[in-house]
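A.B. asks: Line by line, the protein sequences give chains R and X. Following the working numbering, the numbering of the first sequence begins with 1 at its first residue and continues without gaps. Following the working numbering, the numbering of the second sequence begins with 1 at its first residue and continues without gaps.
Keep in mind that the hints were calculated from the coordinates and are not lab data. Accuracy of the hints is not assured; some may be wrong.
[Stated by the list, open to error] Distance condition first, Cα-Cα at most 30 Å in a straight line; then the derived DSS-like pairs of lysine-lysine:
#: 1; chain 1: R; residue 1: LYS30; chain 2: X; residue 2: LYS269
#: 2; chain 1: X; residue 1: LYS503; chain 2: R; residue 2: LYS75
#: 3; chain 1: X; residue 1: LYS444; chain 2: X; residue 2: LYS418
[Claimed, not checked] On the chain X side, residues computed to face chain R include the following (Cβ under 8 Å):
#: 4; residue: MET367
#: 5; residue: ASN369
#: 6; residue: LEU500
Think of the CB as a built atom: it goes at the ideal place given N, C-alpha and C, for glycine as much as any other residue.
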Amino acid sequence: MEDCKEAATPIATNCLIDADEAGNQVDSTKYRGLIGSLLYLTASRPNIQFGVFLRARFQSNPKESHFKAAKRILKCLKGTTNVGLWYPNESNIVLSGFSDFDYAGCKLDRKSTSGTCHLLGSSLISWNSTKQACVALSTAKAEYIAVGHACA
Amino acid sequence: MLENEKSSKIVSIRSDHGGEFQNERFEHFCEKHDIKHNFSAARTPQQNGVVERKNRSLEELARTMLNENSLPKYFWADAVNTACYVLNRVLIRPILKKSPYELFKGMRPVLSHLKVFGCKCFILNNGKESLVKFDAKADEGVFLGYATQSHAYRAYNKRLMTVEESMHVVFDETNPKLQDHVPKIAYEDETALEKNSAAELESTAGNQSTEKEIQSTEKVADNNLPKEWIEPMGLSKGNIIDDIEQGVSIRRKLAFFQHVAFVSQIEPKKLNDALCDSNWVVAMQDELNQFTRNDVWSLVPKTNAMNVIGTKWVFRNKMDENGNIVTNKARLVAKGYNQEEGIDFDKTYALVARLEAVKLLLAYACMCNFKLSQMDVKSAFLNGFFNEEVYVSQPPGFEDHLYPNHVFKLKKALYGLKQAPRQWYERLSNFLLSKGYARGVVDKTLFIRKHASDVILVQVYVDDIIFGSNNNSMREEFVAAMQGEFEMSMMVELTYFLGLQVKQLKHETFLS
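Chain R on its own, in the form it takes in the complex (with noise of 0.2 Å):
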């Protein structure tokens, strides 16, 4: 992995991940253990954070796609290691937070994923994206259940 290619991405535009079935069974410790890792990291990398939760969903029954799609992050990371979270001295200290969310974004049981952050000022302090518990019926629901993430 040390001398692979780059990538801008963590993700592939066009990258649907299903459970694979019929795909090549890999070592599910070894995969669980890279999650883990990149778990990890998403506490000072929010571009990776929706990517690896991607992932992760797929550790009980990690299949070979599964695992070269996790790869790809690591590439994501071998480009960016120059890049951080960058706090400016501004006199705007105002928190905002902000929710988005995919409508039955998981193909699997069509349950909806929110992403969150927050800033102060103009300052990212945290992020999340969590797979939503439930299944929300329209979008408007799924947008509130977002919003709810972003303030608990």
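Starting from the known structure of chain R, arrange chain X on it as the hints suggest.
C.D. replies: Below, chain X without anything else, positioned relative to chain R:
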């Protein structure tokens, strides 16, 4: 000899203008054998490149071989010979894939007789001197190489102070000096005076320090090569080697390690491995000293009613942000899994700062234009006070030999105990509250103290504390208070916290 062996003739020899080549006898010899002798132009060693390059490799090998074993420099000839001998047999020519020996002789060299240059060896007397029944049969010596004319080893006999060639030599190739010879020099200098006054009266002049002696012999050697053996030998040359052999006392070694901050690169898995490594013994001793300083425990006789909790050592190497090992940390931990709820502990929940809170503090500090600092409480958990009666066994490897059956009654918490983090938080928060700090309403690990428009913020992450203030005197007051109450280590600008690299610039903060 070369001509006979290869049945071909030497046609020409190239050399520089050195006196050993350019003299009448050599000229005669060349004339007699019809050999052309051409010289490289004066002061132009480049024309003799192959030889000069080889010479350099040999000299460098010989230099390291001598220094490795702290041998006196007048053994240089043997060192060069041995280097050449070994290289000819070992070095594989890259294209031909054969060693020079094989190319020349057409058969593969035997390597089983090669020994470590300068190693200790024992030369059997083998009838060359008459021995009384209980005399030593062998003399100690230093291995110097291989005899050129006979199938034998060359070794320097320390008792007779001569170089011998013998086949009856036993080698000890372990090298005790590898570790010892660095502190050796300091040791020599320090104790030169003591030594002079005491046992070594017979050669006071020659024995000021090893270094000087070697230098003086070198001078002799330069002037008068063949004689260098006899004269200095008579003084105390034997002593140099003897002294170097003896190594250094353990106590001195410890002192040395503390000064140079020498660290072990490995983390031992077992206690016995650690006890063999002096760096780790120092680390363990350090930890126990910490215990005594903090008044953690007292020795009490064991009774049957006690639930004694075992202890064990955990060894960790601490790294800086670049991944270099900076310290060896030995930590004595209690086996907390043996604790029983209700007897040994009550509540175990401890508050820890959320990472969001840390980031919030960083952003806020940047906006308010003050720098954050970080400090770390040494053995933080050992500061937590204890409500329960808890007994632990003595640390393995450091048992009190007077009272081997006693156990320690804890007065303060120990790493590994279930309530240790809670007790520490309790202790720290009580201390800060008593100093006039207010605990955060939502985030209970944030402590704030306001004074007019000045404010100091203290965020506690177990034993790591980040703090910052827009007023310098408040900062210093806090630091002084903390240092008065706890044993603190390093008080630095925040650069590396919980795996986050923080760069605090004038108008911005960068996190990665």
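A.B. asks: Going through the numbered hints above, which ones does this structure break? Give me the numbers in ascending order.
C.D. replies: none
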